[in-house]
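Chemist: If you want the building blocks of each chain, they are given just below.
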Amino acid sequence: MNGTEDTRFPRWRAASLLRNRAFLTVLIVALVWIVAAFAKPGFGSYGHLRYLLELAAVIGLVAIGQTYVVIAGGIDLSVGAIVTVSAVGVPLVALSGDSSGAFAVIAILAAATGIGLLNGLGVAYLRIHPMIMTLAMATFLQGVLILIAGGTAISAQNPLLAWLGNARIIGIPAGVILWTIVSAAALAVLHATPFGARLFALGANPLASALSGVNVQRTTMAVYAVSGLTAGLAGVLVLGMNGQGYVGIGDPYLLASIAAVVLGGTSILGGSGSYAGTIPGAILLVTITALITVVNASAGWRSILFGSLILLLLLLSGRESQRR
Amino acid sequence: MSNLAPTHEDRLYWPVQRQRNRSLYGLFVVVAAFVALYAYLFPGLLSVAGISKFAQSWLPLALVSMAQAILMLTGGISLAIGATVSLGAVIAATTMMGPLGVPGGIAAVAFSGLGIGALCGVIAIRLRLPAIIVTLAASFIIAGLALLILPRPGGAIPGWFSDLLAGNTPAALILLILAALLWKLYLATPLGLSLYAAGENPVGAYRAGVPVDTARIAAYALSGLLSTLAGLFIAAQTGSGDPVIGNAFTLNSIAAAVLGGVGFLGGRGTMRGAIAGSLLLSVMINVMFFLGFPPVAQYVAQGLIIIGAVALPEITRRFRRAR
Amino acid sequence: MTLQPIIAARGVSRSFFGNPVLQDVSIALLPGRIHALLGENGAGKSTLINLLSGALAPDGGEIAIDGKVLRKLTPSEARRAGIAVVQQELSLTSELSIAENIGLGAFPRRFGLVDYATLARKARAVCALVGLDENLSTPVGDLPLGRRQMVEIAKALFREPRVLVLDEPTSSLSAHEADTLTKLLHRLRQAGTAILYISHRLNEVMRLCDYVTVLKDGKVTADRSLQGVDAAGLVRLMVGRDPGDLFPKWTPGKDCPTIVSVAGFSCGLLRDIDLDIRRGEILGIGGLVGQGQEDLLLGLYGALPASARQAAFNGTQSLPASVSKANALGLAYVPADRKREGLHLIHSIAWNMMLPHFGHASPLRLRDRAGERELARQLADRLSIKGDLTRQVQALSGGNQQKVALAKWMPSDPPILLLNDPTRGVDVETKREIYVLLRRFAAEGKAIVLSSSDTPELVHLCDRVAVMREGGIARMIEHRELSEEAIVAAAMGAEPARSAA
Chain A
1 MNGTEDTRFP RWRAASLLRN RAFLTVLIVA LVWIVAAFAK PGFGSYGHLR YLLELAAVIG
61 LVAIGQTYVV IAGGIDLSVG AIVTVSAVGV PLVALSGDSS GAFAVIAILA AATGIGLLNG
121 LGVAYLRIHP MIMTLAMATF LQGVLILIAG GTAISAQNPL LAWLGNARII GIPAGVILWT
181 IVSAAALAVL HATPFGARLF ALGANPLASA LSGVNVQRTT MAVYAVSGLT AGLAGVLVLG
241 MNGQGYVGIG DPYLLASIAA VVLGGTSILG GSGSYAGTIP GAILLVTITA LITVVNASAG
301 WRSILFGSLI LLLLLLSGRE SQRR
Chain B
1 MSNLAPTHED RLYWPVQRQR NRSLYGLFVV VAAFVALYAY LFPGLLSVAG ISKFAQSWLP
61 LALVSMAQAI LMLTGGISLA IGATVSLGAV IAATTMMGPL GVPGGIAAVA FSGLGIGALC
121 GVIAIRLRLP AIIVTLAASF IIAGLALLIL PRPGGAIPGW FSDLLAGNTP AALILLILAA
181 LLWKLYLATP LGLSLYAAGE NPVGAYRAGV PVDTARIAAY ALSGLLSTLA GLFIAAQTGS
241 GDPVIGNAFT LNSIAAAVLG GVGFLGGRGT MRGAIAGSLL LSVMINVMFF LGFPPVAQYV
301 AQGLIIIGAV ALPEITRRFR RAR
Chain C
1 MTLQPIIAAR GVSRSFFGNP VLQDVSIALL PGRIHALLGE NGAGKSTLIN LLSGALAPDG
61 GEIAIDGKVL RKLTPSEARR AGIAVVQQEL SLTSELSIAE NIGLGAFPRR FGLVDYATLA
121 RKARAVCALV GLDENLSTPV GDLPLGRRQM VEIAKALFRE PRVLVLDEPT SSLSAHEADT
181 LTKLLHRLRQ AGTAILYISH RLNEVMRLCD YVTVLKDGKV TADRSLQGVD AAGLVRLMVG
241 RDPGDLFPKW TPGKDCPTIV SVAGFSCGLL RDIDLDIRRG EILGIGGLVG QGQEDLLLGL
301 YGALPASARQ AAFNGTQSLP ASVSKANALG LAYVPADRKR EGLHLIHSIA WNMMLPHFGH
361 ASPLRLRDRA GERELARQLA DRLSIKGDLT RQVQALSGGN QQKVALAKWM PSDPPILLLN
421 DPTRGVDVET KREIYVLLRR FAAEGKAIVL SSSDTPELVH LCDRVAVMRE GGIARMIEHR
481 ELSEEAIVAA AMGAEPARSA A
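Protein chains in written order, with this note's numbering: chain A, 1 to 324; chain B, 1 to 323; chain C, 1 to 501.
Take these hints with a grain of salt, some might be off.
Unchecked claim - In silico contact screen, one side only, chain B against chain A (beta carbon under 7 Å); selected entries:
hint, residue
1, ALA137
2, VAL296
3, TYR299
Source of the hints: derived by calculation from the structure; they are not laboratory data.
From the three backbone atoms N, C-alpha and C, an ideal C-beta is built for every residue, glycine too.
Throw the hints in and build the complete structure from the sequences for me.
Modeler: Written out as C-alpha cells, the structure reads:
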C-alpha cells in the first residue's frame, strides 16, 4: 500500500522548499543581514538585531490580521487607525482604580475587535467592497480620535505596559515574545483548523464556498474581527514601547502590513499564502528601513529607495500569476 | 436605397449613451438634492462667481476621480494618485517661473504625468505584478521624487496664471467640461472602448483582437496625466508647491469613483458616474463646511456617508425582499 | 475535382511541460463543408483550435493557409486570413452594447473614431443572420446566457470569416436558438464558408455535419466523411472501445417514500410550484434553458431566498434558510458551472474533497490530517480519480473535475442530491460512470434531482421528469410516458413551433 500512498500524496522533497515563498523570504532576510553585517559594523550586533526584531514585532502583529484578511480575499485599510485607537485609547481608559492596567488593555482590545466586527459586518452583510468599508472606517476613526484626543500626545504609565515595553526575558524583549506566541497561535489556526481552511476557501472562490456549506458571512466577520484584535494588540505594544500615544502613531503600519504580507508570498488576490511568509516579510521590511536610515540620505531619497526596494523584492520573490 | 445617408435605423451612439445612464438615475437624484441643499444654504452659489468658486474646489477631485475610474474600469487601481498630484504641483511650482515659462511648465507637468503613469502601467501589466502593490511602491518613489524637487513647500506660480485658473473666472468649470468632452472622444475610439473589454474579460478580449495590454497601459498613462494636471491646478490655486499636498486624494479618488458606481473588478461603471460621485463628495464637504462642522467632524461624517451611499442599494434590496 | 483547403494543419504536434497533447495531427478545412471535430475532454481539441487560430504555435508540423505554408501563424494573421473562433467561454463585455461587442476588436473607423453608423448597419445585418432581434444598444449584461452565445456567434460573423470554428456552440442554447444556428450553418455552407464544429451531442453532429475528424489522446483516429457512420461507431472511435450502453439499465424503484415535499413554492422565476421528491428515484428537471430550473434547485438548497405554503424536508416542516441548514437536513448540490460555483481551482484535489467538512466542523478544532488523507484516497478510488491528489484541481480534465465536485459530498452521505447539469462538457466515458453512480445512489435509497439540458439523459436515466416552462412545471412525465418528443413538446408549450419570443 505504500506505493499508492506515494502516488496519492507524494513524499515531501527538499526541492519543493525552493518553490516555497516563505522559505525564499527567509533566505532573502538572511542574505541581507549577512551582507549588512559585513558592510556596516554594528549592524550584526545582538543588540541591533534585537532592536530590529522588536520593531518587526509591531508590524508582524498587525500583519497577522492583514494576512488573514488578504487570504480570505479582502484587504483591511483600517489597521493603521485601529493601532492608533488602541495606543491612544489605553491611556484614556486607564483613569480610575485599575492599577495593573489590565482592565484598560482588555477593554481596548475588545473595542478593537468590535471595530473589526463592524468592518466585517459591512463587508459581509452590506456587501461593501472591503477597500471602501475599511477606508471609510479609517476616515471615521481618524475623526473620532481627533475629537477625543486632540493633537497632543497622551502618555500612559502602568505596570503592564511598562513590562511590555521594557522587560526582557532571558535577554529577549517581551514584545518579541508576545509576537512569537501570538504568531504560533495564528499559524496553527490558519493551517490546522477548519476555520483556517475556510479562509483559503473564501479567498479562492466565495461562491463555491457558500454552495459547499461554508458560512461565508460569519467567516468574513470573524476574519475582520481577528484583524481588529491583532491591530489593537500591536497598538498596545507600540504604546508600551513609546510610553505615549498620539493621533497618527499607527499610520505607518497600514502600508507596512500590506507590504509584509505581499513580500511573504501571500497572493493579494486571495486564496493562497501563509503567515509563515509574513513573519520574514515583516523582518525584511524593518531591515530595509534600517539600512536606508544608515545610508543617511535625504527624506526624498529614502522614500525612493524604499519604494524601489519593495518593487525589486517583489520581482525577486516571484510574480503573481494573473488568475482572473 | 442609399447606404450613405444615416437612416433612423443606424442611430446607435445616442441610444448606447442613454443605456449607460440607466443605473445612474438614483445617483443623479442624490447629487441634485445635495446641490439644491447647498444652493439653499448658500444662495451665492447661483451666480457666475459662485459657480466659478465652487468649480475650483471641485475640479481637482473630479480630475483624480477620473484618473482612478479609468484604472478601475480596466480592472486596475492606483494607490499612487495622491503622490502623483503632489509631483504635478511641485513640478508646476518649480518650472513656471523659470526659463520654461508657463507653457513649458504645463508641458513638463503633462509629460511627467504621462511618463510616470505609463511606467507604472508597463511594470504592472508587462511584468504581471498586482496593480495595488506596484502603485503602493510607486507612491513611495513618486513621493520621494516630489520631495527631491521641492523638499519643503515653496516655489511659485506666475500671478496672472493663478488668476486665470483660480481667480474670479469660470476657467475651472470650462476645464472640467473640456476634460469630460475629451473623455467622450477617447471613449469613441477603438482603444477607449477596449478599456471595458480589457477590464471585464481580458482573455476573451485578447482573442477577439482587442489590444488588451496597450489599452491598459494607456489607461495608466492617462491616469497619471490627469493626476499631475490636478496637481498643477492646485499649485495655481495656492500659488506655490507643496510636496505632500496631494496625499488625501488617493483615498478620496477611490471613494468618489465608488460612489459613482465604478466597480473594483473592472469593466463596471461609467465616467459620468465617477464625475457625479466626485461632485457629491465635493458638495458634501462644502455643505458641512457651510454648516460650521469642525474639519474633524467632516472626517466622521464623510466616513459615514461613504458607507451609507455604497451600502444603500444592498439595504434597499434586503428591505424589499423582507416585505 | 478536389477543393483547396482554406486552412490545413499537417502533422502538427504540441506538448505542454513534456506531455504530448497533440501528436502528428492533420486536419483540412474545405470551403462549403461542415467539419465535425470529436473527442473526449482532454483529447486535444482545444489545443488544435488554438493552433489553427494562432493562439499557440505548434512544436512540429506545419499550418498552411490557402496552400501556403506559414512559418509562424499569429492571432492577427489568422484573423486577417478570415479565421474566426467562437470559444466555449464567452468573450463578451457586459457593460457594452450588443453592437459594440460585435464590433469589438474590428471596429469600423472614421477619423480614428468608431464609426457608429457603419457599425450599426453591419451589426444589424449579422444579428439578422443569427436571429437576434434585440435593440442593438442593449447592454450584453442584460441578455440571458443563450442570447449572449448568439451575440458571440454574430461577433464571429461580423468579421466575415472564411473559416468559422464553433466550440460547443449549443451548450447553452434553447431548442429554438439551436434551430436558428442550424439554418445559419447551412446557409454559410452554401456560401462556401469552411466550418469546424465541436460538440458533445452526437445526434447534433450526425444531423449537421458532412465530415468528421476524431481525436483520441492527441492522435487522429478517424478522418472521414460522415456518410454511413452511426453514432455508436463514432463513440467507439472516440473512446477506443465499444460504447456498450451509455445508460445503465433502468429498474423501477420499489417503495419510494417522499422525502421532500413542497407546495406553493416560489423562488426567483418560480411561481407557486408543488413538488414531491422521493427516495430511491431520480427526478429529472427538463425544459428550455432558463425556465427556472436553477432557481428550483438553489431554492430547495437554501441558497436563494424562497417561500412555500407548505414544506416538508426530511422530517422538518420548513424550507432550509441557508446552505448550512440544507446540508444539515441532508441536501447536497452539485452546480452546473463547476469552475465558478463548484470547485476551488487553485486548491488541491484532496482539499476540495474536504471542503464541506471544513464548512460544518467546529471551527477551531485541530484538523486530522491523516484522516483527511485516508478519506481523500478512498473517495478517489471510489470515483476512479487517478494520480496525485495534491495537484491543483485546475490541472484536471472537465470530467475529472466533475468527479471531484461530486466526491466532496460523499463523506456526509446526503440522502438528497441536487444535480445541476452534471454531465455538461463531460466526456462520454465519465458520463457513463456518473450515470452508473447515480443509479446506484437511487438504488441505495437516495433521492436525486437531476436538472439537465441533455434530453436523452432525462429519458433514459430518470424515473420521472418535471418539464419546466416560464417558472412553472409545465408537465410531470412518468417513466412509462417518457420520450424525447414528450419532453420537447412539453418544454415548448401547447404549440411546439412557437417562437421563443
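Chemist: List in ascending order the numbers of the hints, as given earlier, that are violated by the structure.
Modeler: Checked against the structure, no hint fails, so every one of them is satisfied.
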